[in-house]
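Now for the letters of each chain:
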Amino acid sequence: MALGWPSDPDDLFVNADGSPVRIDKAFSWEYPLSVHGLMHNVITNAWRGDPYKIDTLLLFMANMAWNSSMNTSEVRKMLVDKEEDGEYKIPFIVVCDAFHSETTAFADLILPDTTYLERHDVMSMLDRPISEFDGPVDSVRIPVVPPTGECKPFQEVLIELGTRLKLPAFVNSEGQRKYRDYPDFIVNWETAPGSGIGFLSGWRGKGGEKSIRGEPNPNQWEMYAKNNCVYHHALPRSYQFMRNWNKGYLEWSQRSGITRYAEPILIHLYSEVLQKFRLAAQGKSISRQPPAHLAKRVETYFDPLPFYYEPLESQTSDKHKYPLSALTQRPMAMYHSWDSQNAWLRQIHAYNYLYVNARTAKNAGIADGDWIWVESQWGKVRCMARYSESLEPGTVWTWNAVGKAAGAWNLAPDANESQQGFLLNHVISEELPPQADGKRFSNSDPVTGQAAWYDVRVRIYKADENEPEQASPQFEPMKKYPGMSERPNWLTYLGGSKRNGGAR
Amino acid sequence: MTQLALVIDLNVCVGCHACVTSCKEWNTSGSAGPLFDQRPYDANPTGTFFNRVQTFEMGKYPNSETLHFPKSCLHCEDPPCVPVCPTGASYKRKEDGIVLVDYDKCIGCKYCSWACPYGAREFDEKQKVMKKCTLCVDRIYDQSLAEIDRKPACVKACPTSARLFGDIHDPESEVSLAIREDGGYALMPEWGTHPANHYLPRRKTKLKIHKDELERADNPLKVDGQLPKPSKGDSSMDDVSAW
Chain U
330 MALGWPSDPD DLFVNADGSP VRIDKAFSWE YPLSVHGLMH NVITNAWRGD PYKIDTLLLF
390 MANMAWNSSM NTSEVRKMLV DKEEDGEYKI PFIVVCDAFH SETTAFADLI LPDTTYLERH
450 DVMSMLDRPI SEFDGPVDSV RIPVVPPTGE CKPFQEVLIE LGTRLKLPAF VNSEGQRKYR
510 DYPDFIVNWE TAPGSGIGFL SGWRGKGGEK SIRGEPNPNQ WEMYAKNNCV YHHALPRSYQ
570 FMRNWNKGYL EWSQRSGITR YAEPILIHLY SEVLQKFRLA AQGKSISRQP PAHLAKRVET
630 YFDPLPFYYE PLESQTSDKH KYPLSALTQR PMAMYHSWDS QNAWLRQIHA YNYLYVNART
690 AKNAGIADGD WIWVESQWGK VRCMARYSES LEPGTVWTWN AVGKAAGAWN LAPDANESQQ
750 GFLLNHVISE ELPPQADGKR FSNSDPVTGQ AAWYDVRVRI YKADENEPEQ ASPQFEPMKK
810 YPGMSERPNW LTYLGGSKRN GGAR
Chain C
7 MTQLALVIDL NVCVGCHACV TSCKEWNTSG SAGPLFDQRP YDANPTGTFF NRVQTFEMGK
67 YPNSETLHFP KSCLHCEDPP CVPVCPTGAS YKRKEDGIVL VDYDKCIGCK YCSWACPYGA
127 REFDEKQKVM KKCTLCVDRI YDQSLAEIDR KPACVKACPT SARLFGDIHD PESEVSLAIR
187 EDGGYALMPE WGTHPANHYL PRRKTKLKIH KDELERADNP LKVDGQLPKP SKGDSSMDDV
247 SAW
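So the sequence lines, in the order shown, correspond to chains U and C. Here the first sequence stands for residues 330 to 833, numbered as in the working numbering. Here the second sequence stands for residues 7 to 249, numbered as in the working numbering.
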């Protein structure tokens, strides 16, 4: 299958001794069903050399020196930390970004990415398609403007790398290049040779006469372009409802290669998958079994029936000292916006407050709008408090990823995002406290490896009157790179005409 | 006589700001544009928006709620911004009731923004003229657009369909029906401005569960299952029917 859906200990991606193969330890005994990977541990693992050291770290589509990392302040130190012999612990860092993000400051090599108007993209049936209620829908993007300067779509970089490294998906049996470029890859790649299942479900088959499943069609991009970049496979009305046990739908979906089985899809209150891992941990299986030091962990959390336990981080927190839970959420106005330095969006949210129940704040002697410290067992940030009545008294929250480092994203070093805006990430750890043997687990769900962003416990207190009214921590302001544009004092966007197009 | 207007359902608005940005996107490039941004990438950015969403909380925890309140020109039937204008730049169209500003006549004296009790006017610090919502007048009559697209940009963008658009003087229009049937109200009626735009109020959805619904009264285990079991020899319809 195209994506990893382990359902059995034998599906894990581990060495003979049970140790992880992947740098993030995904699909290992520590986080067996981690289908999303553990991106939040890659830098820490590479820095520590556990499970191994790496020579090159390639980052894209994530701002790992800022809001995409937990424990941001420490992670930034890891990116520049050195061995005793003076060599960097992570020797070579490549960052692909379309913007002047915080992470680019840590790059040995920056690959300037394209924005979505400058490149081909697919919203694929294999990864969160945009389907409608009446049937599957997928879509593509086709460039409307040429890339700026030497920008290159990162997909092209990946395909080129895969080809030069002769990874099996990208070369034929003679070791020769299989795909010319990204559009060619999208059209011709199949989940297995001859499977007829690829990234796009529309206009498959040699002449575009098939859908969902069919041979690659050399003119697939053109056919999407002619159809407003969207393929919509409307199902017969009788297939549209109760699909988890709609026999017609299930048989159609099996024959179309969407599902492997045509049996009714039922929610498993008792999970056979979890039980298989538990039996392995108990030494009662014929499958692969976990290393001794992880057996207890797997046996505990792979309970085939749902059970409650206090979040792992809370279990290791002093709840008298840190009585509050702290959460973040993404503002709706910026939800799908990678570039929240956007001139319009930053007028909607230029900085963030920590929202605190008014009673909780008053008890701590904090007035609405006061500068406060938010402290966890891992670190502290200074920010402004905002009273809220829509929040239960034991929880505080703030917007995620509004705060930025000074000078990043080509914003002025004194822009609100860095001076009043803040990241809660500095007080959230990517790892749990050390075990008795000194080893540390990721601050993640032990079954799925899902990052425990919401488990941190904090306390809040008023900042001293002598302290600056400024978010903390602050970092040395980022500098412009050669060729970066000056910030205009006025901006006007005019669309619809070439003469007036773009920013002035 | 036609009076075009928006009806905004506060029970449905989730405060996503899609109306704010789509409004600016359309209007900065349209006949009412451009809409400038000042200090776009520096401290304290500001700019012209025809539509803004204000979010505020009401009540005390736990009996509190968060309200997202989209605000734009209400296209009053008796607009106080029009008579105060010394140059006639501010005017109300007879044919559809839209209140507009003629930038060529506007001298930027701001009388209209002082007169407007709703704070709906936006002074453009670059062009030194007053700007405001036009109900996308350059869009709603555009015959080159499909009929479904001849609506204000904010209405088209709203993912929860919280914004309705139409003629409030046509008693059978969607907006008149909404005002009449769903408790539509005008803002600050005491000012006598007769705003054309209306809002639909927050409505509490109450789940009524009767005590006897919490337990299945017809649970067969508790009704028929309690009766004595007939012995296998007893007669039943099975013996005679052709089921």
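No lab work stands behind these hints, which were simulated from the structure alone. The beta carbon of each residue, even a glycine, is placed where N, CA and C say it ideally should be. Wrong hints could be hidden among the right ones.
[To be verified] Examples of chain U residues lying across from chain C (beta carbon under 7 Å, computed):
| hint | residue |
| --- | --- |
| 1 | Gln676 |
| 2 | Tyr680 |
| 3 | Leu740 |
[Unchecked claim] Computed Cβ-Cβ distance ranges for the label pairs, DEER-style:
| hint | chain 1 | residue 1 | chain 2 | residue 2 | range |
| --- | --- | --- | --- | --- | --- |
| 4 | C | Glu131 | U | Arg493 | 29 to 35 Å |
| 5 | U | Leu598 | C | Asp245 | 36 to 42 Å |
| 6 | U | Met552 | C | Tyr147 | 53 to 59 Å |
task: Run the structure past the numbered hints and jot down the numbers of the failing ones, going up.
output: 2, 4 and 6
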